[in-house]
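The listed protein sequences correspond, in order, to chains Z and P.
Per the numbering used here, the first sequence starts with residue 1, numbered consecutively.
Per the numbering used here, the second sequence starts with residue 1, numbered consecutively.
Treat the hints with caution; some may be incorrect.
Once the Cα atoms are required to be at most 30 Å apart in a straight line, the calculated DSS-like pairs of lysine-lysine come out as [unchecked claim]:
#, chain 1, residue 1, chain 2, residue 2
1, P, Lys-63, P, Lys-39
2, P, Lys-184, P, Lys-121
3, P, Lys-45, P, Lys-121
4, P, Lys-121, Z, Lys-122
5, P, Lys-156, P, Lys-184
6, P, Lys-45, P, Lys-63
7, P, Lys-45, P, Lys-156
8, Z, Lys-122, Z, Lys-140
9, P, Lys-45, P, Lys-184
10, P, Lys-156, Z, Lys-122
11, P, Lys-184, P, Lys-63
12, Z, Lys-153, P, Lys-121
13, P, Lys-121, P, Lys-156
14, P, Lys-184, P, Lys-39
15, P, Lys-184, Z, Lys-153
16, P, Lys-63, Z, Lys-140
17, P, Lys-63, P, Lys-121
18, P, Lys-157, Z, Lys-122
Not close to chain P: a few residues of chain Z, all C-beta gaps over 10 Å, as computed [to be verified]:
#, residue
19, Ile-103
20, Gln-136
21, Pro-150
By construction, these hints were calculated from the structure, which means they are not laboratory data.
C-beta: ideal position from N, C-alpha, C; glycine also.
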Amino acid sequence: MIRITRIAISLLLLVQSIQLSAEQQVDPAGSPRPKVVEVAEAWVGLTPPTMAMNAGYFSLSNLSDNPIELVSVTSPAYGSIEIHQSQLLNGIASMRMLPTLTIQAHQQVQFESGGLHLMMRKPIVAMSLGDSAVVQLHFKNGTSVHVEMPVLKSKSRDSHHEQHNHHQHH
Amino acid sequence: MSILVRAFSRGVFVSALLAGQVMLAAEAIAATDDYERVKNPVAVKPFSLADQNGAPFNLQSLKNHWSMIFIGFTTCPDVCPVTLGNLEAVRAEMGLRVSPERIPRIIFLAVDPARDVPVLKEYLGYFHPQYIGISGEVNQIGSLINSLNAFYRLDKKHTDDNDYDVLHTAYVSLINPAGEMVAKLNPPFHPHKTAMYLSQLISGVRFDD
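So here's chain Z without its partners, still in its complex pose (with noise of 0.2 Å):
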């Protein structure tokens, strides 16, 4: 019971991390503009320590009337942070890199195992549960947005998996 208390206290905190980061929403002046970005179920893949990358994943709102684009992802944890995406052609696996993405107006993308993912390489420090990496997306129109990606295990992923497609069945 205070297990679940307190797995559900994270929860809230991450909650409100999250959302806190994406109201710091400033221009370069560092004036508060409208909120455009919405980063929600932000996560980190766990990885052995002999790995020099991780995987991240989040989903990606467009609150606005107009395109964003997400130009660079950079992160004191990590050395350098590009986005990917697997994909299958013709029964082949392979990844390909994005320069930038872009989100059109009110329109949600959804970074997930097999698709869209951070390729996050050369961590700074070996990251175990428990831990997360702050990440900060910049966008073209000067808007960056922090956001907190706890470390979970890769068994996380299958439940996500199963709750996604769970979703769509109904």
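Since chain Z is already given, all that's left is putting chain P on it; use the hints.
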């Protein structure tokens, strides 16, 4: 139930059993072409690789076991961990349906030996200690890849490229205890459906597609 079945004549019993198989097969095939039975099973040709502990792994190592061979590489953070997780879930679910010695082993064929061999043991141990990871000389990897009718390529953009992607066949090859490839399992390796398909195939009750 079993008393009732025994009361039937042999002919009625067989047709009742067949009807059951048709229903099971229909459930697994419904709305998916994720699984392909190889019409004429292909014998895997001899090859010589090593497992993650450095022990030899060759054609003989495939004999007397069912195996699922998954082609991958260790610097794959997105798809490979999920596939390994799904295949483990398949094995867990098969435990309800077939005896342990007939549940296929998971064999991770690491096709990028320069980057894979040094970390293969730790990489696989992180996901599950029972996984078998194999790799070795490029020509020996190529030999097994050919037997699986598969493909891979290290996608180096230039000779010093260390962040290259690896293109590879996405299907998992099912190898029978005679060392023959008998089926291809295509992504997304849904644990329940895949376990149903494999359990029926391995129990020998599945009709050919």
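Would the hint linking Lys-45/P and Lys-184/P be met if the CA-CA limit is 30 Å? holds, 17 Å
Has the given pair, Lys-45/P with Lys-63/P, been kept, meaning a C-alpha gap of at most 30 Å? holds, 12 Å
Assess, step by step, whether the Cα of Lys-63/P is no farther than 30 Å from the Cα of Lys-39/P, and give holds or violated. Holds - the C-alpha atoms of Lys-39/P and Lys-63/P are around 20 Å apart, at most 30 Å.
Within 30 Å, alpha carbon to alpha carbon, are Lys-45/P and Lys-121/P? holds, 26 Å
Checking one constraint from the list: CA of Lys-156/P to CA of Lys-122/Z, max 30 Å. Satisfied? holds, 19 Å
Does Lys-140/Z lie within 30 Å of Lys-122/Z when you go C-alpha to C-alpha? Since the Cα atoms of Lys-122/Z and Lys-140/Z sit roughly 25 Å apart, the hinted pair holds (cutoff 30 Å).
Mind checking the alpha carbons of Lys-157/P and Lys-122/Z for me, to see if they're no more than 30 Å apart? It holds: about 19 Å lies between the C-alpha atoms, which stays within 30 Å.
Quick one, are Lys-156/P and Lys-184/P close enough, alpha carbons at most 30 Å? holds, 28 Å
Given the hinted pair Lys-184/P and Lys-153/Z, is their alpha-carbon gap at most 30 Å? Measuring from Cα to Cα gives roughly 28 Å; hence the hint holds.
Holds or violated: Lys-184/P to Lys-121/P, with C-alpha atoms at most 30 Å apart: Within the cut-off at roughly 26 Å; holds.
Satisfaction of hint between Lys-39/P and Lys-184/P, Cα-Cα up to 30 Å: holds, 11 Å
Claimed clearance of chain P by Pro-150/Z, with the beta carbon kept past 10 Å: holds, 16 Å
Against the hints set out earlier in the document, a violation occurs for number 16 only.
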